[in-house]
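What follows is the residue order along each chain.
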Amino acid sequence: QKEVEQNSGPLSVPEGAIASLNCTYSDRGSQSFFWYRQYSGKSPELIMSIYSNGDKEDGRFTAQLNKASQYVSLLIRDSQPSDSATYLCAVLNTGNQFYFGTGTSLTVIP
Amino acid sequence: DVKVTQSSRYLVKRTGEKVFLECVQDMDHENMFWYRQDPGLGLRLIYFSYDVKMKEKGDIPEGYSVSREKKERFSLILESASTNQTSMYLCASRTGPSPLHFGNGTRLTVT
Numbered sequence: 001q002k003e004v005e006q007n008s009g010p011l012s013v014p015e016g017a018i019a020s021l022n023c024t025y026s027d028r029g030s031q032s033f034f035w036y037r038q039y040s041g042k043s044p045e046l047i048m049s050i051y052s053n054g055d056k057e058d059g060r061f062t063a064q065l066n067k068a069s070q071y072v073s074l075l076i077r078d079s080q081p082s083d084s085a086t087y088l089c090a091v092l093n094t095g096n097q098f099y100f101g102t103g104t105s106l107t108v109i110p
Numbered sequence: 111d112v113k114v115t116q117s118s119r120y121l122v123k124r125t126g127e128k129v130f131l132e133c134v135q136d137m138d139h140e141n142m143f144w145y146r147q148d149p150g151l152g153l154r155l156i157y158f159s160y161d162v163k164m165k166e167k168g169d170i171p172e173g174y175s176v177s178r179e180k181k182e183r184f185s186l187i188l189e190s191a192s193t194n195q196t197s198m199y200l201c202a203s204r205t206g207p208s209p210l211h212f213g214n215g216t217r218l219t220v221t
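Protein chains in written order, with our numbering: chain A, 1 to 110; chain B, 111 to 221.
Heads up, some of the hints might be wrong.
Unchecked claim - No farther apart than 25 angstroms at their CA atoms in a straight line, the calculated lysine-lysine pairs in the DSS-like style are these:
1. B:K163 <-> B:K128
2. B:K163 <-> A:K42
3. A:K56 <-> A:K67
4. B:K113 <-> B:K181
5. B:K167 <-> B:K181
6. B:K128 <-> B:K180
7. A:K2 <-> B:K167
8. B:K128 <-> A:K2
9. B:K163 <-> B:K181
Said to hold, decoys possible - Just a sample of chain B residues kept apart from chain A, beta carbon distances all over 10 angstroms, derived:
10. P171
11. S175
12. Q195
Bear in mind the hints are in silico, worked out from the structure with no lab data behind them. Note that the Cβ used here is the ideal one computed from N, Cα and C, for glycine as well.
Could you build all of it, start to finish, from the sequences and the hints given here?
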């Protein structure tokens, strides 16, 4: 079982819609969770961190964490073509090691 | 803002060459990491370091070594480059429970 799993996509949404990206993790004791955005040919860029159960909002982005279900999600409201990228879920596990999912490719169609 | 600088954006090397990838961070972070990223395989950890002169193997250390003589600098060395080491190499740093901060990446091609 992989430490972090994401649907690879590709996920396509029309401009203005909500994009929903999901991630599950295997280490139940993990405490820190991150979403990175990576444009083609570029390095990952941190967009959200979440540490406690519930929702955390930052502009058009909302991260959701459910530790009981070992599930993290990222919602992007009012999706824009500039949101087209690969989104990486990252988890800091109990061994203080980062694990990344393989990423979900998102395309926002104008 | 944290700045992680990788010395080269693109590199082309020949098989058998010794290759040095340099990474410098300006935030006094204790922890530094080298990853490679390949399509379909995601990010894979090569080596990491928790302090000066310390190094730990990651998931795929074979064919690589590292050097950390100063806190701000973490170098990745390909002892004898091979074509299967053609990849995007990413350096990252962090401190405490903070997230990883990545450099801009080095696209290495070995011919």
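Against the structure, the hints come out as follows:
no. : hint              : result
1   : B:K163 <-> B:K128 : holds, 21 angstroms
2   : B:K163 <-> A:K42  : violated, 29 angstroms
3   : A:K56 <-> A:K67   : holds, 14 angstroms
4   : B:K113 <-> B:K181 : holds, 14 angstroms
5   : B:K167 <-> B:K181 : holds, 18 angstroms
6   : B:K128 <-> B:K180 : holds, 21 angstroms
7   : A:K2 <-> B:K167   : holds, 19 angstroms
8   : B:K128 <-> A:K2   : violated, 33 angstroms
9   : B:K163 <-> B:K181 : holds, 9 angstroms
10  : P171              : holds, 14 angstroms
11  : S175              : holds, 20 angstroms
12  : Q195              : holds, 18 angstroms
When the structure is compared with the earlier hints, violations turn up for hints 2, 8 and for no others.
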